[in-house]
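Participant: Taken in sequence, the protein lines are chains A and B. With the first letter of the first sequence counted as 1, position 115 gets the number 115 in the working numbering; the numbers rise by one all the way through. Just remember that the working numbering sits 219 ahead of the position in the second sequence, which is counted from 1.
Just so you know, these hints were derived from the structure itself, not from any lab. Just so you know, even glycine gets a beta-carbon here, dropped at the ideal spot from N, CA and C. Be aware that a few hints might be false.
[To be verified] Per label pair, the in silico range of CB-to-CB distance:
#1 A:His5 x B:Ala246: 37 to 45 Å
#2 B:Arg238 x A:Asn130: 39 to 47 Å
#3 B:Gln239 x A:Asp93: 32 to 40 Å
#4 B:Asn304 x A:Ala140: 36 to 44 Å
#5 B:Ser370 x A:Gln184: 18 to 26 Å
#6 B:Ala285 x A:Ala69: 18 to 26 Å
#7 B:Glu242 x A:Asp180: 57 to 65 Å
#8 B:Gly377 x A:Arg74: 36 to 44 Å
#9 B:Glu242 x A:Gly151: 49 to 57 Å
[Unchecked claim] One-sided excerpt, in silico: chain B residues whose CB lies under 8 Å from chain A:
#10 Thr241
#11 Ala245
#12 Ala285
#13 Ser293
#14 Ile298
#15 Arg314
#16 Ile348
#17 His369
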Amino acid sequence: MITHHLNDQLLMAYSAGTLPEAFNLVVATHIAICDECRARLESFDAIGGALIEESLGDAPEQLGSDALAQTLARIKTSTPEPRKRAAAQPPRDRVLPEPLRSYLGGGVDSINWRPVGGGVKQAILPTSENATARMLFIPAGAAVPDHGHAGMELTLVLQGAFADGHDRFARGDIEIADEDLHHQPMAEPGLDCICLAATDAPLRFRGLLPRLAQPFLQI
Amino acid sequence: MTIADGVKWADLLARVADRQDTEAFAALFGHFAPRVKAFLIKSGADAALAEECAQDVMVTVWKKAAQFDASRASVATWIFTIARNRRIDMLRRDRRPEPEELDWGPEAEPDQLDTLVLQQESERLITAIAELPEKQRIMIERAYFGDLTHSEIAEETGLPLGTIKSRIRLALERLRHSLS
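All chains should be modelled from the sequences, with the hints used to inform the complete structure.
Facilitator: Given below as C-alpha cells:
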C-alpha cells in the first residue's frame, strides 16, 4: 500500500514536459507502480487537452493550403502500430519497472555499485546535467549519512523500507525533501533497501569527512 | 467543444484505428492540426517549425490511433500528449521517459458509459479553466507552454481535478481487472 505520493507541482511539470530528466525518471518510475498517481497524471494531461482545444482563441491559426494533402501523402507510406497486448510483453521485473530498467540496462544484478561508506552503495545514472539520478543501496539496518539539501531531493523506494525520523517509506513510496529537511534515513531490518533518488543540487553532509569526500563521490 | 463533439472525435479516431479511414482522419486534421500549430507557437516555435511539427503530430495520431483509450482521455488530451512529446524533441529539452504502459487485455474495449462520462468531465474542465481567476489561469497556461520550472508552479492550482481523476482511476482498475 503506497502512502507517500507525488505532489501536484511535480505532476503538472511532468505533464507539461518541463522537468529535468533525472526527475522525469523518478516520476515515471513511481507512476509505473502507483495507479493513484497515474490517474492524477492523466487528469493533469486533461488540462493540456483543454489548452489544445482552446488554443486558437480569437485568431485562428491557418495551415498551409496543401498541409492536409502533404500529411495524407505521408500516412500512405506509414504503418499503423497495433494496440498493445499483455501477451506480447516480456515478463516484468519484480523490483525495477520501466523506464528505470532500460536506464540500468537490466535488473538489480546489472547495477555497477560504488561504495560510499557504512555499507551504503550508489550508482549514478546517465541523465542530463540539470539534475542527478542515482540508485542507492542501504544494507538492512544501516543509515545513510545525515544530510540536508540545497535543492529538491526525490527518493523512491523499490525494495525494503526506510524511516527518517519523520515517516516510514516502503516500496512505491516517494519522499520529497527540500532545503528545510535535515534527515538521516535508516533502513529497516530485514530486506536491504534499494532506492532511486534524484537531486537538482549537490547534497550537503553535516560531518566534516563526508563533505571532504563529496567531490570524489559525486554525491 | 460540447460533449457530443468529444464523442464525435473519439468515434472518428476509432474509424481511423479500425479501418484506416482517411475521411475520418481529414476531419480530425481539420479540427486539431491548427490547434496543435497554435499550441506549439505559444510554446516558443516559429510558424514554419510549428506547422511542420503539427503535421508530424497528426502522422503520429494516424499511426497510434489503436492505442487511444476513450475511457481515460479525450482526443484533445491524447493529442496534447503527442504534441508535448514532439515539442520536447523540437526544442531539444530534457528527455522525458514514460511509465510502463498498462497493457490492453483481450476484453478491454472501453465501456460506452465510461467514455461518455469522461468526455463530459473533459468538457467541464475546459469551463473550469475559463472560470479561474486570471492569475491562476495564466500560471497554468505558462506551465503548459513550458515557461515555468517545477518550483515556479503554484502548490495550489485551484483546479477541480477530483472527479476526472476518479473516473480515470476507475478505468485503470477495469483495465487491471481484465488482465488478471
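Participant: What are the numbers of the hints the structure violates, in ascending order?
Facilitator: The structure conflicts with no hint, since it agrees with every one listed earlier.
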